[in-house]
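Colleague: Protein chains in written order, with our numbering: chain H, 441 to 974; chain B, 2 to 552.
The hints are simulated quantities; they were obtained by calculation from the structure and are not laboratory data. Don't take every hint at face value.
[Stated by the list, open to error] Quick list of the computed label-pair ranges, beta carbon to beta carbon:
1) B:S137 / H:A467: 25 to 35 Å
2) B:N345 / H:T701: 23 to 33 Å
3) B:H45 / H:G535: 29 to 39 Å
4) H:K852 / B:P369: 44 to 54 Å
5) H:M603 / B:E189: 34 to 44 Å
[To be verified] Incomplete in silico selection of chain B near chain H, CB under 7 Å:
6) R78
7) S109
8) D110
9) Q191
10) Y193
11) E209
12) S234
13) L355
14) D391
15) L496
16) N502
17) G507
Cβ coordinates follow ideal geometry from the N, Cα and C atoms, glycine included.
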Amino acid sequence: MSAQQYDVIVIGAGHNGLVTASYLAKAGQKVLVLEAREQPGGAAQTREFAKGYRTSAVAHILHALHPKVIGDLGLEGHGLKATENRIGTSAMLPGGARLDITDDKAATQASIARFSPADAQAYHPRMERLVKLAGALGSFLMKTPPSPSPAANDFQTKLALGMFAVQLRLMGKKDMLEMSRILTINVADLANDFFESDIVKGLLGFEATLGVYLGPRSPNTVFNLLYRLASMNVKHGQGGLFLPQGGMGAVVDALVKAAKTAGVTIRTSAPVGHILIEKDVAVGVVLANGEEIRAPIVASSADPQRTLLHLVEPGNLDTEFLRRMRHLRMNGCVAKVHLALDGLPDALKQAQGRMVVAPSTNYVEHAFDCAKYGRVSDNPALEIVIPTLSDPSLAPSGKHVASILCQYAPFKLRTTTQDEARTQVLERTLNVLDQVAPGVRNQVTASEVLTPHDLESKFNLSGGQWHQGEVTLDQVFFLRPAASFQQYKMPLPGLWLCGAGAHPGGNVSGAAGANAAREILNDIRKTTARKGAA
Amino acid sequence: MASKYDAIVIGGGHNGLVTAAYLAKGGEKEGKNKLKVLVIERYHKVGGAAMSEEIYPGFTYSTCSYVCSLLRPEIFRFLDLPRHGLQVIPYEINSSPNHEGEGIVTYSDHDRTRESLRRHSIKDAEAYDHYAAEISRQCRFIKPLLMVTPPDPTRLNPFAQNKINPWGKRNDLEGLLKIGREFGRMGEKQMYEIIRFWTMSIGDFLDEYFETPRWKGFAAASSIIGTALGPYSPGTAYVLLHHYMGEVDGQIGAWGFARGGMGSVSKAIASAATEAGVEIRTNAEVAKVIIRGGKAVGVTLGNGEEIYARTVVSNADPKRTYLKLIEKSDLDSIDPDIHAYAKNFKIRGSSGKLNIALDGLPQFAGLPKESAWGTIDIGGDFDYIERAYDDYKYGSWSKRPFLDIVIPTTVDPTMAPPGKHFMSVFVQYVPYKLGEQPWTPEMKSAFEKDVLDTIEMNAPGFKDLILHCQTRTPWDIENEVGLTEGNIFQGELTLDQMLFNRPFPGLGQYRGPFDNFYMCGSGTHPGGGVMGAPGANAAREMLRDFKHGVV
Chain H
441 MSAQQYDVIV IGAGHNGLVT ASYLAKAGQK VLVLEAREQP GGAAQTREFA
491 KGYRTSAVAH ILHALHPKVI GDLGLEGHGL KATENRIGTS AMLPGGARLD
541 ITDDKAATQA SIARFSPADA QAYHPRMERL VKLAGALGSF LMKTPPSPSP
591 AANDFQTKLA LGMFAVQLRL MGKKDMLEMS RILTINVADL ANDFFESDIV
641 KGLLGFEATL GVYLGPRSPN TVFNLLYRLA SMNVKHGQGG LFLPQGGMGA
691 VVDALVKAAK TAGVTIRTSA PVGHILIEKD VAVGVVLANG EEIRAPIVAS
741 SADPQRTLLH LVEPGNLDTE FLRRMRHLRM NGCVAKVHLA LDGLPDALKQ
791 AQGRMVVAPS TNYVEHAFDC AKYGRVSDNP ALEIVIPTLS DPSLAPSGKH
841 VASILCQYAP FKLRTTTQDE ARTQVLERTL NVLDQVAPGV RNQVTASEVL
891 TPHDLESKFN LSGGQWHQGE VTLDQVFFLR PAASFQQYKM PLPGLWLCGA
941 GAHPGGNVSG AAGANAAREI LNDIRKTTAR KGAA
Chain B
2 MASKYDAIVI GGGHNGLVTA AYLAKGGEKE GKNKLKVLVI ERYHKVGGAA
52 MSEEIYPGFT YSTCSYVCSL LRPEIFRFLD LPRHGLQVIP YEINSSPNHE
102 GEGIVTYSDH DRTRESLRRH SIKDAEAYDH YAAEISRQCR FIKPLLMVTP
152 PDPTRLNPFA QNKINPWGKR NDLEGLLKIG REFGRMGEKQ MYEIIRFWTM
202 SIGDFLDEYF ETPRWKGFAA ASSIIGTALG PYSPGTAYVL LHHYMGEVDG
252 QIGAWGFARG GMGSVSKAIA SAATEAGVEI RTNAEVAKVI IRGGKAVGVT
302 LGNGEEIYAR TVVSNADPKR TYLKLIEKSD LDSIDPDIHA YAKNFKIRGS
352 SGKLNIALDG LPQFAGLPKE SAWGTIDIGG DFDYIERAYD DYKYGSWSKR
402 PFLDIVIPTT VDPTMAPPGK HFMSVFVQYV PYKLGEQPWT PEMKSAFEKD
452 VLDTIEMNAP GFKDLILHCQ TRTPWDIENE VGLTEGNIFQ GELTLDQMLF
502 NRPFPGLGQY RGPFDNFYMC GSGTHPGGGV MGAPGANAAR EMLRDFKHGV
552 V
């Protein structure tokens, strides 16, 4: 081998991998991105699931893409329209009743008032308070998590912590106390404190449990709600829910363009076999076909389990760290259902762009009970979007696509086989869907079900967990992915983590990738300074 | 109106009595500002939930709480409780019967437990060393927190004493610094473990160590007792500590029986209080706290009698105190949020109690005879407990409940006639209401039958030994003992209701929203269990205010 061609190898061309690569390349590093599949994008791509029908593969709503990432990488210049096709949320009840939540305050109030006048009055003040509290948490999304031991932090981190403390203080005593109270409580209690109607409580319960293996009555679920609200804040996300034109693939297209412009080399169909380790240091990767590529820095956007348990060969990491990795909670519990539709029932046409079926707290809790014992929910809670309403090009003319999240379908099944689970997910999703939109079942011409198992095998997401590890209080901030390794640097020198498995976690936000790139560059600067001094 | 008393304590539970005794003695430096104290108790004797009563002729029942460990040794020594007749007999064995095979037995001796575990799984026996070490590390951190007043994080100077003396240094600042130093000494890794531990579920925690399902279910028991959560609910790992940090005779984590039932604890504290000059009035129910000009000045009894005092301290739970004893208009004139805090305070009862007089000693399936000397937990794996929890979640009692059984008469012959036994059965989960309906006698007997059947299944022949059975649902516990919704901790022990948020955000330092008004029950930091710490902490804060002339 001649002189090293690359400074950095990024494993995985998911959105975070591309963000890291772009930031590094812009800073003058020579970067190679290796992607196992034929096209980049990971969980954020647009793909054909039935002939002529396309949709976003896993994530289907864009809300968290960090404004700083959009600006730094000039994504808008590369064709991304991040705030196009803004959508509202409809909570759907069996029988056709519906509650619409949109930007129009008066209309939203009127819609809630049909279920409960008291809730209509309470809704906006309550939610605005939650958003305010979430905003304070959100300021940490683009920061590297500090260490709880003050001595271990550098000046930058101390400054960030200080700013956070000031921000908390500025919220006022009442809000500070409220934050400390609700951060760890369960969403069922919070909903009961705030509202009286089942439909509003059910919706809140769904928002708080989406993507985590917890039910509305599990403590710490309010944290997940705040986490979602933080990323929907204009300061830390795009400020609402959006269906990008062209599906999530459009985001990836812009990221790929940005990366290429910055000089990044992207190789697809190049699965990494393992990370090359010499003298206890990561020095490159070995592809599945045996090809060796060397670089002083390897940044993996694969999830922590895949990176540290599979790509790093056994014997290179200490056992306690490995035990923690093995016990990361990543029991994916959301299945994705794609339907090709001949036409659209009125119920789905008239509702807002995002439809939720979670009629009450107990409905979601019952759905969770099934998952608790390792079964697919008998009556799953659903999130439905019809991307073809805003982008007809995703299906043949006049036809539609429904993209549905089915919660809960746990990765860890007890007695159900994978094939049974897939049938159950489709059958039960259609049952529930047919209740809120009668007749939809007859309009389905083709369908695809991606259970958490499929997400693992097709998209390399361990446990089918699309946040690369549940975003719960014991797995966030300086505990993500593991204590002492929250600053993107892994226990193997030269190896970095830059995916959603690192702080601040999932959603298509790019924050983890941007933070990792910053840390990597800091490290490079320090190393060169040391070498220069020597 | 002349104040005859320096302080009135509402409720003669163990914490109220501890507060009274501390106040009358003048705090830990005995002799300084001794106060004249009156304890008002509605029942005909003191004790609250730490009570011994003869319900069936010849038998002494510990009617509510049933074992002793958490009572702080500081209090034990300061009030000289042994001299006042309190004797705690430690027991050394915990077990769980198994009607399909061998039961689980653990001992207070670590090595013996490990050997016992080897019979189920060699891997678990090996892991037990690491597990026990981790638990004691966690306990070491939390114990110093029990006897300090939690700082208010929202104040500019979190250690400021009160509004009269906002820049004053707290005495317990020293204690907190000590905790801080302790935390610092631990090293980064241990800090992370603590932070993680406080937010995780006991299920996840045990899964990291062990493999035997029944053993994991058994080990999880302490985490769910008294809570309205299942083993896979986050935050339950902390509750485990709450049951592990006790001690008997300096042996950490040990549990024991109070000789003569739990009433002996209250009796001894009451005797120490009386000796110090505390006046105790029983059969007197406080109806209202009298608030004038934003100050608590006394109480009105149920019969209309008014008693005035310089300070009022409530041992009742936060909901009862702020929603029943205090007028809403009085609260609203200070801060309308307090009423909302009180309304939203989580105090769901989740446990019932069966007190049974037995003709002889039952034999539990799969266990050695001596297991009856300690606690016997009837349960199973996590699923067993989760299913029991599911019943509760949707408003019913657990059809196959988790039971924590003790037979104190095996080591304390004073509680039953020779050859007979008293059995205390703690039942989890039992709701306060069934759906939205109150308990009916039929429902109560159906519940009783489910519990007795569960015991019979694990101890064949048990039912034939029953002489008398007293059944208490959370509904009964509220009406008979006065604990709102029958919650044994005076408020759920979840992170949002701990430290400076216990009872309510902003009122975490034993002081109420009114001047001269205080709280001293388990509804304040550090929470429930027959611990006495809230009572002692509250007295310390009150004495400080007396000393500084705030009241």
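Colleague: Each of the hints needs a verdict: does it hold here or not?
Modeller: Verification of the supplied hints:
1. B:S137 / H:A467: 25 to 35 Å: 48 Å, violated
2. B:N345 / H:T701: 23 to 33 Å: 53 Å, violated
3. B:H45 / H:G535: 29 to 39 Å: About 57 Å separates the Cβ atoms of H45 (chain B) and G535 (chain H), which means 29 to 39 Å is violated.
4. H:K852 / B:P369: 44 to 54 Å: 36 Å, violated
5. H:M603 / B:E189: 34 to 44 Å: 22 Å, violated
6. R78: 34 Å, violated
7. S109: 28 Å, violated
8. D110: 28 Å, violated
9. Q191: Violated, because the Cβ-Cβ distance from Q191 (chain B) to chain H comes to roughly 10 Å (cut-off 7 Å).
10. Y193: 3 Å, holds
11. E209: 5 Å, holds
12. S234: 5 Å, holds
13. L355: 27 Å, violated
14. D391: 6 Å, holds
15. L496: Holds: closest Cβ of chain H sits about 4 Å from L496 (chain B), inside 7 Å.
16. N502: The hint holds - N502 (chain B) has a Cβ within 7 Å of chain H, the shortest such distance being about 6 Å.
17. G507: The hint holds - G507 (chain B) has a Cβ within 7 Å of chain H, the shortest such distance being about 5 Å.
In this structure, the hints that do not hold are numbers 1, 2, 3, 4, 5, 6, 7, 8, 9, 13, in rising order.
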